[in-house]
Amino acid sequence: MKKRLVVIGNGMAGMRTVEELLSAAPKQYEITVFGAEPYGNYNRIMLSAVLAGDKSIEDIVINDRQWYVDHGITLHAGADKAVVGIDRSARTVIAKDGSIAAYDRLLIATGSQAVIAEVQGCDLDGVISFRDIIDVNKMLAYSDSHKHAVVLGGGLLGLEAANGLALRGMNVTVIHNNELLLNRQLDKPAAKMLQAELEQRGIKFKMAAKLQSLRGDNNNHITAVQFADGSELACDLFIMAIGVRPNMALAKQSGLYCERGIVVNDTLQSYDPSIYAVGECIQHRGATFGLVAPLFEQAKVCANHLSAHGVAEYITLPTATKLKVTGIKLFSVGDFIGEQGSESIQFSDPGLGIYKKLVIKANQLVGAVLYGDTADGAWYQELLEKKADISGIRDILVFGKAYA
Amino acid sequence: MNQTIQTTCPYCGVGCGISAQVDAANRCVTINGDDSHPANFGRLCSKGSALGDTIELKGRLLQPSVYGRETNWTEALDLVADRFLDTIQKYGPDAVAIYGSGQLLTEDYYVANKLMKGFIGSGNMDTNSRLCMSSSVAGHKRAFGADTVPGCYEDYEHAELIILIGSNTAWCHPVSFQRIRAAKEANPSLKIVVIDPRRTASCDIADLHLPLASGSDAWLFNGLLNYVGHASRTNPTYIEQHTEGFAEALAAAENAGISQVAEQCRVNIEDLQRFYEWFATTDKVMSLYSQGINQSSSGTDKVNAIINCHLATGKIGKPGSGPFSLTGQPNAMGGREVGGLSHQLAAHMDFANVDDIDRVARFWGSRQIATKPGLPAVDLFDAIYDGKVKAVWIMGTNPVVSLPNADKVKQALQRCEFVVVSDCIANTDTTALAHVLLPAQGWSEKDGTVTNSERRISRQRALFKPAGNAKPDWWILTQVAQRMRFEQAFPYQSPVEIFREHAALSGFENNGSRDFDISAFADITQENYDRLQPTQWPVNQQYPQGRARLFDDGRFYTPSGKAQFIAITPSAPGMLPNADYPLILNTGRLRDQWHTMTRTAIAAKLNQHKPEPFVEIHPDDAARYGLIQNGLASIESRWGEMLARVQITGSQLPGNVFVPMHWTAQHASHGRMGALVNPFVDPVSKQPESKHTPVRIKAYQPVWQGFILSRHEFTAITSAYWVKIKGEQFYRYELAGDLIPNDWLEWANLNTGVTAPQWQEYQDTAKGNYRAALLVDNRLESVIFISRQNQFPERSWLTSLFVKTELDKTERMALLTGLPPQGVNDTGAIVCACFNIGEQTIKTAIKDQGLTSHQEVGCCLKAGTNCGSCVPEIKLLLLEHG
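Protein sequences, first through last, are from chains A and B. Take 1 as the starting number for the first sequence in the numbering used here and just add one per residue. Take 1001 as the starting number for the second sequence in the numbering used here and just add one per residue.
I should point out that these hints are in silico values taken from the structure, not numbers from a laboratory. Just so you know, not all the hints are guaranteed correct.
Between beta-carbon pairs, the in silico distance windows are [stated by the list, open to error]:
hint	chain 1	residue 1	chain 2	residue 2	range
1	A	Asn-183	B	Cys-1860	58 to 64 Å
2	B	Val-1803	A	Gly-243	51 to 57 Å
3	B	Glu-1806	A	Asn-183	35 to 41 Å
4	A	Glu-199	B	Lys-1767	32 to 38 Å
5	A	Thr-326	B	Leu-1879	55 to 61 Å
Glycine is no exception: its CB is placed at the ideal position from the N, C-alpha and C atoms.
Here chain B stands alone, though its shape is the one from the complex:
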């Protein structure tokens, strides 16, 4: 019996609604976009669409374990509570910490925060949102007096100019991007400007791309403030009535004349002029920004530099206008609401305000509430490294991969006396270092709420019964809290109880003084909670149905009620390139992967778009450093190094390189970009500067390179460089090595774990080519390609053979060419992940059927018609082959 359940996607901050048809008996689910959800109206991206492929139980953490030994919940929870209590008793509450995640549900987050700040009495509760949104939080707080996102997605349809700043929206928030694309198609006068050092897929819809120098954003927006100031394009009435500090901000931007800005940002002055003019002369302007702004040692200033321009022109709080922070994670906002960052207390109340501390203490009935901020992420792991924090509980995140200077984070956890990790996945770079592993429920089992970028609270609903012994995070926390003798404050039996308490706290002595107020839910019944429809906060007496836009009344949450201009002096990044490290390393997301790939890499189709860690580099730099397309390169910073496949592209600025953030030691031997990232943080937000690390690059020339495709996952790989890619019924290993084995066949047996098989073999020893294939009953088991030269066929045809139960003779004889037998078409590298359509298929269709638009390609092949993220690539193919 299938049941349809409405829930929310667990990936980016767009917060798309999902309509899941659940077949509980077979534990499988068909995923569709929820047509009624205001975040996506039925659309889903490639990642969301593939959620059904990620719920398998293989690789799940399903049983608690202590010191490598599986055990029951009682022992594990007792141990965690005892060790935390013991540590607190010996060293004080600041010797313990919780490091959470924007993947936690609001209810989980609330309990974690309450436990640490309210009852353990330390501020040491921080989260991976620190790496993601904390500059936005700080910027909002400085300008608005509260961490408020003023607008909503509907503004896309009202806007006349949308600026994408430091955001590859097309890949990182695909459904929002598709909505903007649709808005532009419906209203061709809507202009799109992309501000990004990289020419990303988002430029596909851009009327103007400003490839500004990395880190120079504050100059750009100071320049804009200067421009509107001098062009008399400000809104003096608005400035007068609703803001403070304009004169100082303008004065600080006085040196940001247009030519000065063009020089600092290294952009074309005419383009700059055009952008400024568009902003100045367009009524409805949205500035969408993301990690390119936030992940900076002056990220907060950059956020305020953007907000300043909106305040100066009054382009805020009205339909189609305003600064708009695109949040990275599904519940980054929920985390902020509960106070999940170490400087926050709870419900948009801070340690900075003694009344807030008192208020929350009274509400929680706590006498030991923390009274000062705890350690933010980078400092927290430094403190662990230094032995100051002796017990840490990491929930649903993978800091050994994602934090800057990640090798030090690894060492910190290796040194730490007591590491607890709760996760739904058994093997991650972080679970590997845990003393206690607690099996948390995964997305398909969890029950609670999340908040998306537009302040919309949506329900995440369980699709299945929990697997194995997995438990909800709130339950695990509650159990530990009770064992730590806080049972009175932690009586929770279900998520709704926590949600009610959270809602009540948001309204507690609020009276309009705090933006976050969902007090209308303080008494919500279980039934209504279960039926809760997506709603934008605030949800209170005044706005019982929620509120689309804040600041439409010109009232802000500062003591004066007026928005604050912040005078910005542009700062250089923490570390500048020098002779030793001449290039700037930029990091970011890919279209089809999420964070550290613990879940997306389970879905075969998501691993095909960008299967291997790569580094994008400008052709001039590639020539300078002797790099060749598809060769391997070693990238090194002062902090660490990685290996990546070279992608030479004019989309990079000279002097800049880009690597994806996703690869871990589970999927690649040397793919952890976090090891390189410099640990500089913003002084206000404490957010790390992940977008700017000086590095050097050189070609890595292994003696041999190659790949293995295998029906079975290997337990060990014996080559110097490897990347593991899960596919449809196969695993693909990209390999390189410095030692040529004496006997390749022996090596093949060793690596694939088979004994005495009859391998089909190809050997051209003089050229250093070795290829082999193993078939059992004509079913393909393994394929190996090794070469001294890095010349290999596309993997697409070979990988397609693994879904076949039997190969015919022509296929078998063609195997070691890597090319389909005559008459069989090669699909080429996958472009459309949703429908698995390859580049070659698209090219052929374009040529043979004379297709001229991506819509026609869609009609013909379905490619690009689901999530649409590959439309830019399809258009490029049309351009090249049409």
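Next up, chain A with everything else stripped away, as it sits in the complex:
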């Protein structure tokens, strides 16, 4: 008899793990998937493209329901299929609607949820996050009927939301608590270039701003944003985009060891040997995750162990950042600021809107910021991951692989 694998979470990390497993050991498990969203599996990172109108929902579906059927996977999808409990001694999970599934191995891939700023009025209508198809649909609806959108957070998600809403015709202002946009990904010159380019597209910015409260009308709907300096912005739609935190309530409640996320080892195994976890819900060697590349790497390693090959180890590599805003090319990886003892190489062509900075330490590339021309991003990442000695190509490094 086949072993039973139950997957909690029908998102990108969980399904990538399943796909990896199907290719490594197609016949090993009888698989059951629980998902709280009523769809097959879709590419969450493409939601920005849907919002911007570059893609439709259909375009971003990775695996439709037929795929599950074709692969003999039992899919429980929908709000009532949200798993509400894990019985580790019985090795079963139970969903909201009472469905129960038994497992030999459990994979938790519950992802993350948006951080909600704890300001007065954060529970008003019209205050949403940007996480899933439901959010996108709300935003699209608002853009048809309302004018003023305010996005809290000048990070990747916030800017993508702002860009999408602006393209949908809304008057968008981004509020950011730093002087620089994408301050965790970009240095000052790149951040300034990005801001200028977005401003040219009609997006307004309120930088280094301190949010005081959100004001609503009698219908409990947001109408304005108030700042600590007394200024005020009209607002019909307020997007929270100040980060995510791992969804670990279920794991915690079942007694799995969690810190900031579900703690896993280098094989993605939790403190319970029969339970694995991948994706944005985990904490690995102190780190939590928000970008897609490490998730896929985790999926590969996790599948390797679920299929009992048991040799792979997950190592967190520096992850490159890309902003999914059409026409804006930026790339950032590693230590792009340059800590003590590092050196930097910079190239800029303001006329072409290009800026590149490479950070070098002990003849190794340790970080890169590219703006306007990201063609060599992959090469830099490769050099960085391989810890290659770049002293021989230092002079042409910033100009790209073609010269190496």
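Given chain A's structure and the hints, the job is docking chain B onto it.
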């Protein structure tokens, strides 16, 4: 409407004929060699070929000026005449001087000489030919009784052995060199020997190269005399019938046995033996010599040491034989003919002979003719420095660059009460010191005659109307002479009148007593003068069509009619190397530049072969003094110093360094080699010893080095070291500095003179690299490369972008690599200046197409097929990459 005009090249003494297709309306000209001219039969070198690029009006002196203020001719000429008269009245005629040039036409020269020697009454008319040919003049005079070049170019085709002595003919007289190469190709038994401390491009065709110790030439030729004497290879009949002094000369060479010579000259004894044997056993031998012989404190003796060998063997005055002085300048010979050197009077007559003085005085109708030689160049500028000469008129030459101890020359002119400079170029190191500037016509406007190395008189004809207010030199001189109240003797309205007078003087009471006789032209009509075909003097009743060779009759111009052997005791150079100044500095010309670059540097293509002042040094010396290839070095003599790019090469002898003579303060911050050259002169010829100055060398390590390419010329440069190189639609500045600016971008703006631009920038601060480029509407305006290390890409690709009206994206993104985008070929450093073919292009063609000879390279790329000067370099590339 295009018009074809035959004229003569204004550069070296080969005197090539040019066929110029003139588009007068657009003031442009297409230059071709004149197929009918006997000096070149259609060939031209890189410099001559590029003449069309040098006639632009930018940088021309086009208006007279006095004390920095532009004025009209009347005021300027009045002032010159007044100040000269005033000075003569107060201090006597020897307080004024004219310093002329081998670039002047014979007619100009004649009027200058007549004015100074005939009417001002001073011998103080000297010329830059003093730096160039005066040892030859003196040697000829001692041996032949006259300043006679016996042979002609046609002798190259008759010779069985050609010796190139102290002459990099390949670069300095390229068309003659090509003719010799062709002669050798046609007659493989023709042997070529090169005698030169340097292994130059001329060695390319040499069967034997004797890299003799600098200055030891007299030993070598005394040794040869000794050898032919003892090997019974002399021509006793010739010696007996046509010469005097053989025994004394042989006796003086008695200590020059072959082993002694090998030791003194530091050459391989077998090579020496072979050379002596070839000379002794070959019937037709030509000895071509140039500045390596002349520019020496015993240059005259060296000339005579060579001539002695030809006299002893009778190898003179017959086809394919004879000593042959390759003159440096286009009209060095013309200058000698009119008497342009301070010890000469006129028309090959001298102050040494009272009858000559009387004769010329009567001819000119002068009562105040000078009766003694004037000051030769080095003494003249010393006298200016000392305040003895108070007014000087410098014509068409740049002594602040070219004279020895040139910093003192600069100081001399700074001290001088009245300096007049006539020139066609506005800004030179010398015009900068003038009180009065007189705009002379340039080559393309001048009309007159020049004489080349083989005594051939050719017409230089005007191609264009004069630019601005430029006037012919003879006109300027005539105007001043008239204002000095000599109008009766200076009635000239046109060059032909002067030429007739010059011709008449050459025949005046001559009767065969003087070699220079062109009396057949004494009555030449304007029409015939205009149509004058290249003719070798003498041109008189006996030789109405000219004469190819002199001394074919065994008759010389000495009182006895016999040639004179001169007993030579080899002398050491004026100053020998010592512990403080251990190296010998040699100086010389480059292939693509002329003199002080005032004209050749205007032609972009001529600046690419050797763009920067450099010093060639042997690898052992480079190691000893810590010099690295392409690094900078400071070279210092007792007299001055310069900076140059280090070129390490086995072509230099250990202990010797070579620098090019061309760079001025207009083109480089520290490139004036004249500042270093010791002011020792030959006691007979007074020619300076420019080929031998003790120096020391050390690495100059600036904090940063770099270059700027800019579409526009800068008004000022703020770096310690700079060289300016004009290219095709750009200026290239090679730079070095000792202070790193706080902000390179600010520095870039300051130096390029642009404000608030959007520079493309590259910065690797840890490595000290800064690069920037400025584009306007995608057209490249400037590129800057700065580095603490001296590692830069070849400039060739970057410079090629300036001819483009727009750069594409890949080019723009590749700019600051200095390397072409993938798929675009780098041409490399320019080898063939005529067709602008780079080293990389040639290498690639050699490899990809399997080329094996320079002819094949020529077929394929055209490289080397015009002037041929780059053939040695192409052959080297074939050797390395074939």
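Now for the hints, and whether the structure bears them out:
Distance hint check for A/Asn-183 and B/Cys-1860: the Cβ-Cβ separation is about 59 Å, which falls inside the suggested range of 58 to 64 Å. Our hint of 51 to 57 Å for B/Val-1803 and A/Gly-243 holds, since their Cβ atoms are close to 54 Å apart. Range check, B/Glu-1806 to A/Asn-183: Cβ separation about 38 Å, and the 35 to 41 Å hint holds. Checked against the given bound of 32 to 38 Å, the beta carbons of A/Glu-199 and B/Lys-1767, roughly 35 Å apart, stay inside it.
A/Thr-326 and B/Leu-1879 have their C-beta atoms about 58 Å apart, which keeps the hinted 55 to 61 Å range intact.
Comparing the model with each numbered hint stated earlier shows that all of them hold.
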